[in-house]
Amino acid sequence: MKSYSVGLVTISDSCFLGQQADTAGDNLSEILLSGAYFVVSSFARSCVPDEKHVIQEKLLKYVNEKVDLVVTTGGTGISPRDVTPEAVTPLLDKRADGLNMAMMTESLKVVPTAALSRSACGSIGETLVVTLPGSRKGSVGCFSFISKALPHAMDLLKENTSEVKQHHASLTTRSAEGSFSTDASSVVERLSLKSVASRNRESPYEMICMSKAYDLMKEISTCERHVQKIPVDNALGYVITENLYAPEPIPAFTTSTRDGYCLAEGQVTGLKRVIGSVTAGFDPQREIVGFTSDAVVRISTGAPLPPHTVRVVEVEFTRLVEEKDGEEVMIEIIGMSSDNNIRAAGSDVSKDDLVVSSGSVLKPAEIEILVQNQQLVISVFKKPLVGVMSTGDELVDAQKFEKLPLGMVIDCNRPGLIAACSEAGFPVRDLGIVSDDALKTYTSLKNALERCDVLITTGGASMSEKDIVKSILIECFGAQVVFGRLFMKPGKPAGLLRIPPSSGNTSQKFVFTLPGNPVSALVCWHILVLPFLRVLAGQSAEDLLPPKEITVKAPHKITLDARPEYKRAILQWKGEEPRVTFTGAQASSRILSMFTPNGLFTMFRLTLSRVGLRALAPRSNPVATISVRQASTAEESDEEFDQRFIRFFSRPEIDGWEIRKGFKDLYSYDVIPDPKIVDAALRACRRVNDHSLAVRILETVNAKCAHHPKVWPYVVSKIRPTLDELGVSLPEELGYDKPELALKSIEEHAGAWP
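Each residue of the sequence shown is one higher than the last, beginning at 1 in the working numbering.
Derived lysine to aspartate or glutamate pairs resembling EDC-like cross-links, with alpha carbons at most 16 Å apart:
#1 K218 - D543
#2 K137 - E30
#3 K148 - E450
#4 K229 - E242
#5 K229 - E30
#6 K58 - D13
#7 K676 - D638
#8 K61 - E126
#9 K440 - D393
#10 K2 - D155
#11 K158 - E65
#12 K148 - E106
#13 K351 - E248
#14 K676 - D642
#15 K446 - E475
#16 K58 - E86
#17 K66 - E126
#18 K66 - D155
#19 K446 - D430
#20 K676 - E639
Don't read these hints as lab results, they were simulated from the structure.
These numbers were taken from a predicted model, which means no experiment stands behind them.
Based on the provided sequences and hints, a complete structural model is requested.
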């Protein structure tokens, strides 16, 4: 793929003087380097004041360096200091008024004050110059409006004949195919005319459990990753694709670890002449005349040691004896530490040491070590470009209405999810609000899929007559349903669809269709979208899908839903035991419940069940397991149920046949037996002297835990003292997990038992 060199110039007095952060420049840098619009081969960035001649000098510098594209931000308004058009226009060989018109036309649809913006786009020699507004939102918006035309314009200026022909061919193909295919048209028309009475009464999508959903996500998230080279300064949060080794030792020379005095061989304590000083930047090979055992050289922390140094004495162990003109002449060393305070060359990093391994997420420490080892351009996995879209006739943009019309709802999902993407370090596009109209939904989805790698939609995913997003994706774009409903609360309608590569789309796309309730959308973001994006960006699927778990204590007795429920909670440590506190009412529309949590408290309705606390971001507190009891019948409580079986197995006169019959009855319940019941059954087997029956009971319990892998270790931990006391072995300890020695399945056990 063709790549281009880019220069970015921020034109602002306040930014140049450091009085204001260059947010527009920061955002444009991230977008340009993301590769979302075209591949950037080299990138330079600068900031200049609102001075006409300074702006011109900077532009001509980039032109002389043969930069393909120069983007400026700022100075396009009508205030006295806005002089960007006046600086740029005289330099242009050819004007590109179409770019100015495109930015103006689209900007006026968003904000009326865009009429005051004055752009001056065009070419200087072979360099394309684009002038954008100075606001963060305006600069990004205007760039997106003209982005598709920029690669073609650069190819024309550089006379890249093959790229120009390829672009013209693609335009011809698109024209021949039409922007709205007959098949898509018929689907949209059918969905538009569909009557309410004919809508589905049951969802056409299978409801799957979370563990299966994570398995499916794991399969598709690692199949396609793109690699790019970027400057290390822009690599924060990226995943490196290769092992990097130290080209030179660090430090490259022997240095001092303290402020003090260098000593040559001989007596350490006593009077010493100060014959010179060494600071950072000193040549470590330069001899210091007169540096003998009765003399010292003053040295600063980190400075190279002069030749013949054997020890550095800290300044705290010295006393000034004589000075002249403010300089030390004689000192007395009155003591010393046990350390020689010398850091040898290569003591931190030896030459060819592995400094950053492939698959590492680059954080500030990794950036520092890469720069320290002069690894200035690195190979990383490209981050997916995310688009966020809200759907619904009832939604309005909060910035466009001072007073909310009756019956309308402010769209908070889109800003919230955009903020979540930005916080997580992913490039993101605001794709606006789409009404519940089939044609508009199709057009918006088509545009979105051309502009991003992963699309997140909220609303239009459930069973309403206007919930058409999944249908359009499947029937018009050939989307494959990874999952369409999840056995979870909140977030049951959440779906993930995969759109395979096609003739007009060289890479696959992913679409998350999230519920419209704000809390549901954010919960789904944290437990589904965020880990998936991180895996697409190169992180380990095994580490992220599913999230890790820890054991926590429930704050009080909780009534469980049939579905696993993710309650918003605050995790705290009380002594050595983690505890959680819920964030008030847990309605899926109540955004306040998401304000302060650092975890999601996950509950599963089983006799023994997992309760998880899922970390909302990379934190030191991932997720948990806990036992929750749920009555097996309406007539008896949890304790009554347990005691009924404990009493049965504890009868002194019980025989082997009755043990088998009792456990077959217990197996028929949709529960995992409490460890106390298992304990009683094992002791019953011991009384009838039937070790094989005890092992079969353990295998039965293990099989019951098959879909809940954290429960079996919990059960074993509770019955381990009994196993040791009775001399009973676990099936895996006997090798029964090996296929050739495996016992019959639990279903076969149940059928064979009387």
